[in-house]
Every structure is written in C-alpha cells, then in structure tokens.
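Asker: One letter stands for each residue in the lines below.
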Amino acid sequence: MIIAKKKFNSRLIVGTGKYKSMSECAKAIKLSGAEIVTVAVRRVNITDKNKPLLMDYIDPKKITYLPNTAGCFNSKEALRTLRLAREIGGWKLVKLEVLGDKQNLFPDMIETLKSTEVLANEGFKVMVYCNDDPLMAKRLENSGAEAIMPLAAPIGSGLGIQNKTNIKIIRNQTKLPLIIDAGLGQASDATIAMELGCDGVLVNTAIAKAKKPFDMALAFKNAVIAGRQSYLAGRIDKYLYGRASSPKTGIIK
Amino acid sequence: MQKIKKIQIRVNGKVKFIPANYSISDLVKNLNIPIKKVAIEHNQEIIDKKKINRIILKKNDKIEIVHFIGGG
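Top line first, the protein sequences correspond to chains G and F. The opening position of the first sequence corresponds to residue 1 in our numbering, with each subsequent residue numbered one higher. The opening position of the second sequence corresponds to residue 1 in our numbering, with each subsequent residue numbered one higher.
Calculated Cβ distances over 12 Å to all of chain G for the following chain F residues:
id : residue
1  : Pro19
2  : Ala20
3  : Asn21
4  : Ser23
5  : Ser25
6  : Ile55
7  : Asp61
Distance condition first, Cα-Cα at most 27 Å in a straight line; then the derived BS3-like pairs of lysine-lysine:
id : chain 1 : residue 1 : chain 2 : residue 2
8  : G       : Lys27     : G       : Lys212
9  : G       : Lys18     : F       : Lys37
10 : G       : Lys51     : F       : Lys62
Just so you know, these hints were derived from the structure itself, not from any lab. Because the structure is a prediction, the values reported are computed rather than measured. Even for Gly, the Cβ is constructed at its ideal location relative to N, Cα and C.
The shape of chain F in the complex, shown without the other chains (with noise of 0.2 Å):
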C-alpha cells in the first residue's frame, strides 16, 4: 500500500495535518465550517472566500479562520 505523504499546517494556532494537493476549500470543508460566516487569512493575508479552491496549502503554512462571537 502507498504512503500518503501528510503536510504539517496550522490552524487556529493548532496543528493539522492535510494531505498533498489540497485546497484552503478542501480544508473548510473538511473542518464544516460554513464559509459565508467566516473570514479566513492564509500566512496573514486576507483572502477572498471565492478563490479558495484555487490556493494550495503548503508545508508551516498558518490559516486563520474567525467569525463573530458575543462582544462589548
């Protein structure tokens, strides 16, 4: 049986492991977060939610997903 190679990413500040080849939409499906209540940043920069089928996520990558929570 092939080896599945796994990348090292964070995110949240946690650490996930992903398979080669995949997407910021891959991983948002995966957690089942529903994108139209969120913000996601990859290595900081703010990207927009209609492109991330196209971003591959690398090795240390950092992705940041937020959304609105109860506050003053």
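Here chain G stands alone, though its shape is the one from the complex (with noise of 0.2 Å):
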C-alpha cells in the first residue's frame, strides 16, 4: 500500500485508543503487523508528571504515527489540532475527521471539504474520513485528498459495511488509496473491504475491546491478507441456480 509516496507492506492501519493499558496496546499493534498507528493529540497532564508516554512504547521512528482530528466538530478545530500536531514531531501525514453529530459520529462533511482544502494548501498530506457517498469522495479528490476513507458504519459500532454498493462506486472512480474508516465489528468485515477493491482498513474498538485482543489483532491481520489475496485472484461470477463441481460423464449405472 503507497500512501504519500511511501510504501506499507501492511494494509491494516489500527488506532491505539481504547486499550486498558499503554503495554496491551502496543503489543496488539504488534501483532496486527500494522506499520501506521492513528493518534490522539490532546493536553499533557501537567499535575501528574509520571503518565506513561504513548512514544514510550510506540517508538514514532519504527511506526508511522498518523495524528487525527477525534473530538473536532468544526473546521477550526481541526485545523488547530493538526497544526499543532505537525509542531510535536514534523508530521505532514494527518487523518482529517471532523464529526457533525455527537450520537452517531457522523463526519460533517461541508466541514471535512473546507478542511481538507486549507490542508493540502499548507502542504499537508491529508487522509480524510468520510461518509460513503461517491459524490463527496470525489469533492475530497479534487480538494487535494491524499487518501479517501469511508466509513463502514457508526465509529465504534461494530456493524461492518454498511452500503457496499457505495464502495465499489468509489473504488471504480478513484486510484487514491481507499481505507474503509471506522465501523467494523469483526476479522471478517476486513475480509469483506478488501474483497471490494480497498487498499486497506482501519481498525480500533474492533481490536481494543474484543475478549481477547491480542488474539482478534492476529486475526484482522490475517483476514485483510486473505481479502487482499481474495480481491486479486478474482472471484468468480454468481448464478441464480447450481452448477455441478463434478464431471457429468462416467457416472455408475
């Protein structure tokens, strides 16, 4: 997967929130084999000196830390918060979310395009979340977007893809890497994004609270390859009625 002129081998991005501690995070990501990390900026806690760092057991120089908006609901949030970002640590990759609606986090989308536009002017590379509407998609690609990633459904939903038919309409009209963002609930909704012609997934609540996390951050890896693998062998075509595995000839009488 290339995204800005860089080359991934892997195609599972995962989001280092919601993990009960900093070591069980980093060892998820471990095993998911991911090689791009989205993160939070948010204040230091300037009264308890002794929090762990993030950078203490991510190291940013082996993994790509991809800093987002989560929490922005206008333009100017957003801008600021990836401004500042790009202040910590000389980042110009950036995820863009700027969300309209408290309840189900759906991404405001007349925000998320202005954004994206003063963005791509500073020089940034901006990755933007976005619902899935082809339309808007496009708008983001004409805006300068350097990666288009729908969502599958609600952020931490766990529903998996939601409209697949809007996917495969933004696979077909876009060559920007396409990252289905947010929304899956399992290994196998991976499976299924790939198969439709994404580059790759983002992952977070799906690996953070399974029962097991290690075990579920195994499986996303292992299920994105298999969609992958899957999507370039190229599936066969679909039939109403049955069609017979075995030849018709020789049979006994």
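Please assemble the complex out of the two chains, which come individually in their own frames, going by the hints.
Answerer: Below is the structure:
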C-alpha cells in the first residue's frame, strides 16, 4: 500500500485508543503487523508527570504516527489540532475527521471538505474520514485529499460495511488509496472491505474491545491479507442455480 | 525580605503562578516536560520550539501544551 509516496507492507492501520493499558496497546499493534497507527492530540497532564507516554511504548521511528482530529466538531478545531500535531514531530501525514453529530458520530462533510482544502494548501498529506458517498469522495479528491477513508458504519458500532455498493462505486472512480475507516466489528468485515477492492482498513474498537485483543489483532492481520489475495485472485461469477463441480460423464449406472 | 512578584497565567486550563521575567522555556523546564514530544500554543498561536527561551510570559497568558495519546 502506497500512501503519500511511502510504501507500507501492511494494509491494516490500527487505532491506539480504548486499550486497558499502553503495554496492551503496544502488543496488539505488534501482533496486528500494522505500520501506521492513529493517535490523538491532547493536553499534557501537567499535574501527574509520571503518566506513561505513548511514545515510550510505540516508537514513532518504527511505526508511522497518523495524528487524527477525533473529537473536533468544526474546521477551526480540526485545523488547530493538526497544525499542533505537525509541530510535535514534523509529521505531514494526518487523518482529518470532523464530526457533525455527537450521537451517530457521522462526519460533517461540509466542514471536512473546507478543512481538506486548507490543509492540502498548507502542505499536509490529508487522509480524510468521510461518508460512503461517491460524490463527496470525488470532491475530496479534487480538493487535494491524499486518501479517501469512508466509514463502514458509525464509529465504534461494530456493524461492518453497511453499503457495499457505494464502496465499490468509490473504488471504481478513484485511484487514491481507499481505506475503510470505522465501524468494523470482526475480522471478516475487513476481508469484505479488501474484497471490494479497498487498499486498506483502519480498525480500533474491534481489536481494543475484543474479549481477547491480541487474538483479534492477529485475526485482523490475517483477514486483511486473505481479503486482498481474494480480490486479486478474482472471484467467480454469481449464478442463481447450482452448477455441479464433478463431471457429468462416466457416472456409474 | 523582598517579596517576589508573581504573575498569574493559565497552563492547559489550570491557573499557575510564575515569577516575573519567566520564559516559556523556564515554564517547560519547571513542569519537566519533554520538549521534543510536545507542541506549544501561546495565546492560541503555535510557537516555534526553538524560540521558547525568547518568549517572556505576561499576566493572563494562556499556554497549551499538547502531545500524542492513544486514539482511533
């Protein structure tokens, strides 16, 4: 998978939120084989200086940090967050996520589109969380997005891909990296995403909140590989009726 | 004994009292913050970390110090 001219061997991107501890998070990431992880930008705790730091557990030299704008509800907040993120470590590759509704967490696409334009003009490489709307995906592409990241279902819902048709249409219209972001619940959901022709998937809750996060991290790793292989291998046509697998000739009578 | 004049500022939303002529660099050192792992805003303006020793804090200044944490 190539994003912003950089080659990644793994097509699985994982989030670093919702884990019980930093060490659990680090181990799950290792097992998932992911080379990109999403991270949030938040205030440093100035009263408790002994709080463990993410960078002490996940080495940003080995794993690409993808700062996100989770929790931002307008363009202004999102831009402020990502400009700060760039200042922390000089990253230009970022994930833009501007939410519009506190309950369903759907993206506000008008604010998202505005922010994409501004960030692209400032030299950011913007991977954009968006709705599974082909027209909006096209607009993002025209505004300078580096990757299109449509949701499968609401963030953290675990519902899996709700609109395969839209994802296929977006796949057919864009050469940009297409990454399913949000809403996956189990490993097979990732396989389906890859079989639809997506370049990758982004998973957080499905791994972090699984009963056995380490096993689920491994399952997602394998599911993404299987889905990609299946897509490249090319599936058979679909038929309404049965088609025998064994020859009809030479049957004993 | 001469009383040292203290200035009130806000750091990450919390009130903090600092001596006069205190730079952002002094503040970062005082809070024991690993400068390479954070970004700093001074009154909503992102500042170049190389220049923090040149910025002297004034009364009611607002400082935000952020870093990366786990997120999806």
